[in-house]
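*Asks:* Based on the provided sequences and hints, a complete structural model is requested.
Chains L and A supply the protein sequences, listed in that same order.
When the count follows this note's numbering, it moves up by one through the first sequence with no breaks and lands on 464 for the last residue.
When the count follows this note's numbering, it moves up by one through the second sequence with no breaks and lands on 464 for the last residue.
All clues given are correct.
Heads up, the list lumps identical chains together, so a pair's fine if it works in one copy or across two of them.
Straight-line Cα separation of at most 30 Å, BS3-like style, residue types lysine-lysine; simulated pairs: (1) 285 to 322; (2) 100 to 322; (3) 100 to 53; (4) 285 to 272; (5) 285 to 100.
Read the hints as simulated data drawn from the structure, not as lab findings.
Since we're looking at a predicted model, the values are computed, not measured.
Number of protein chains: 2
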Amino acid sequence: MTKTPDSAVRSYIAQHQEAFLADLADWLRIPSVSADPDRAGDVRRSAEWLAEKLRGTGFPVVEVWETDGLPAVFAEWPAGEAGVPTVLVYGHHDVQPAAKADGWRTEPFEPTVVGNRLHARGAADDKGQVFFHTLGLRAHLAATGRSAPAVNLKLLIEGEEESGSPNFGALIRRQAERLAADLVVVSDTGMWDERTPTVCTGMRGKLDCQIDLTGPDSDIHSGSFGGAVPNPATTAAELAAALHDEQRRIALPGFYDGIVELTERERELFAKLPFDEAGWLATAKSHGLQGEAGYSTLERIWARPTAEVNGVWGGYTGPGTKTIVPAEAHLKLSFRLVAGQEPERIEQTVRDWVAARVPAGIGHRVHFGSITRPCLTPLDHPALRSTVRAMERAFEQEVLFTREGGSGPAADLRDVLGATVLFLGISVPSDGWHSVDEKVELDLLLKGVEAAAYLWGDLAENHR
Amino acid sequence: MTKTPDSAVRSYIAQHQEAFLADLADWLRIPSVSADPDRAGDVRRSAEWLAEKLRGTGFPVVEVWETDGLPAVFAEWPAGEAGVPTVLVYGHHDVQPAAKADGWRTEPFEPTVVGNRLHARGAADDKGQVFFHTLGLRAHLAATGRSAPAVNLKLLIEGEEESGSPNFGALIRRQAERLAADLVVVSDTGMWDERTPTVCTGMRGKLDCQIDLTGPDSDIHSGSFGGAVPNPATTAAELAAALHDEQRRIALPGFYDGIVELTERERELFAKLPFDEAGWLATAKSHGLQGEAGYSTLERIWARPTAEVNGVWGGYTGPGTKTIVPAEAHLKLSFRLVAGQEPERIEQTVRDWVAARVPAGIGHRVHFGSITRPCLTPLDHPALRSTVRAMERAFEQEVLFTREGGSGPAADLRDVLGATVLFLGISVPSDGWHSVDEKVELDLLLKGVEAAAYLWGDLAENHR
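*Replies:* Have a look at this one:
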């Protein structure tokens, strides 16, 4: 039996947490900012540091994988027995840019413990959450007396996530055979808040496009010609305005076809989360709520597809007045997609919809960016149940559910590998991802270690 | 009797046209570009040159009027008899910027005769059309044997028209008593084309505004918040899209209330103009027609009010993708107004309409620019009939009618002075206003001289 006794895990973690935190601090000192070409050497150093540490953890196979950009780290440790699932842990070792001059109270690349918090760029996003797997795995081995994990364990820790993972898709396609897994565990998300442990069950997908509209060959006088020729800025506005109906449902024909609807159980569990609307609005820095009729705010951002105008421009935008019919106008739109929506189909829907609505005399081109697929694991999936049990053992309280409104490369892993995606994360909204004073709560970090220590045994037992 | 014998006018013009053209060329050499602060001295020199020339023409009162910007020229010559109308001629002596490097075939400030055309910046807009009044007035005096014009004649030639006439309103209000007139003759427009003499009967008014919309306090993540908070770029689009209904009628409540509709006679006469749709579209550089249902292109641009998006901007407008709900968005709108529409009422209509449509959570401010009123003289107005007869005698053919789709400061004169506005101009669309290779057709310029010579007598006779 692979079930790990809780007390053994806890005492192992207590004995080793000081060295674990010292190691993490070493890693956090490496400014692995993938967006900054001058930091490419640091991103490589970060990959090599992690590879060395994974070898020290016991992984028999550890490799730094090159890409057309910055390197990823791959590690593998077979269970040594048949009939257990293969699990791939996903995370990233690159970080967002940071400088004390941005307003940090501490040096972002000099990890500093303040009270029960470890402040550093990457403390939560994502080095802390990658690193909890090292001590978690060792606690799992120590408490079970095993010499190898209870599952076939693989890690893929990429180095360009904060730069949009431009080479990730190619990498995993190239290495699909070695990455083959039944389950992907994404440790790059978080929980509801400090007092409410949760498990994320999915991420929305994303499709974005730019629509370029052309009218007259140059800006023309609106007094001489306006009202008799079509105006591309008006067309841009009409397209953007037509995205939604009066119920704030997306009005593109067939847009909702085939989507996986929220279950009643999921809606009930979402409703149990201590959602503070005023606090949420303050975080959003918004002054009002608006969204699809019939859904709560959490449902709208987690489980419903959306269409958003990210940018619009055309005509004269300087001070004062210029009475023109502009020569061109542009829209940047993005769509968040949920399970059941094929991005390729939605792309065609958008193309057809634009073509049908642009009036004679206005030229149009629609350019789509990269696609991110949605992913969703049902509440009753055995592997999700394992994840929930691991978290409940660590936190000793009921675990609720969230989803991610955003979109990540994790879904690519599901598509390429055909794997079920799980999320194991302990970061909280106050951790300051991409902002100043990023931190991780040390208590929660150690709960993450503990949950990771329980997960492999539970999965081996329940996901055969 | 003040009717001027045509042969006497023609022979006087023939005798003096060479000196007239030489004088005009002298004036055109002065680069009176009001938009260029470095040319302020040239604008002043232009005003003084004209003042001197008007003294030479015989005006007993000629003054250079200062403004907070660049100077205007005022001249006055009373008829010396009671019971005749007072007429104020309006034009401008400043010009658009021009440089040979812009693509001119000749030096823009070195007047050059090519075939039957005089090329120079200002040849048509507006020095040529101001200057034809000098020889026209002398021909009128010579042919009638009068020592003063048949009407009380005043001229106001401003120096900032090409810069938006920022000080014109204040000037005419300050000088309203001296400018008092029954009729204003605007010589700053033109005719249909070289073969189709026309008289303009009105100009549309204009109202422009900028609408500033604010959403979240900063750009926020569209994956985390989009679909649950209002997006100011969407609001901007919804406002711009809601300006028109499906018939391309303006959808603001009460927008059309009280407007002076086109008469059947006017529609018939517009329809007689040799309108070449393909040619018009080529001039517009547009690739299609679109406008209010039930009206022709000419009716749409001359006689119907319009609402135009001159500019729109908000959110991310750079390369690639930025998945945000933008913090703000902006619209620049302009409305062309026709007779019967009070700009102040329309301004309030726009304000109310915006306020009613902006959703909770989006802040808005609407800033209006300066107002230009519409003006329109009915086809059967006696003074308009006089203008038409003067043109018909000069051109010896039927004169049709146009309107100006644009908006000019002339309407201010009507409002301040309570005067009826007439238009006397001979410029044609090929003259290249505001463009390279501006020119005036010499034949037409001399027809303008001739029409001006006939007008004062006809008005004195028919507008008592």
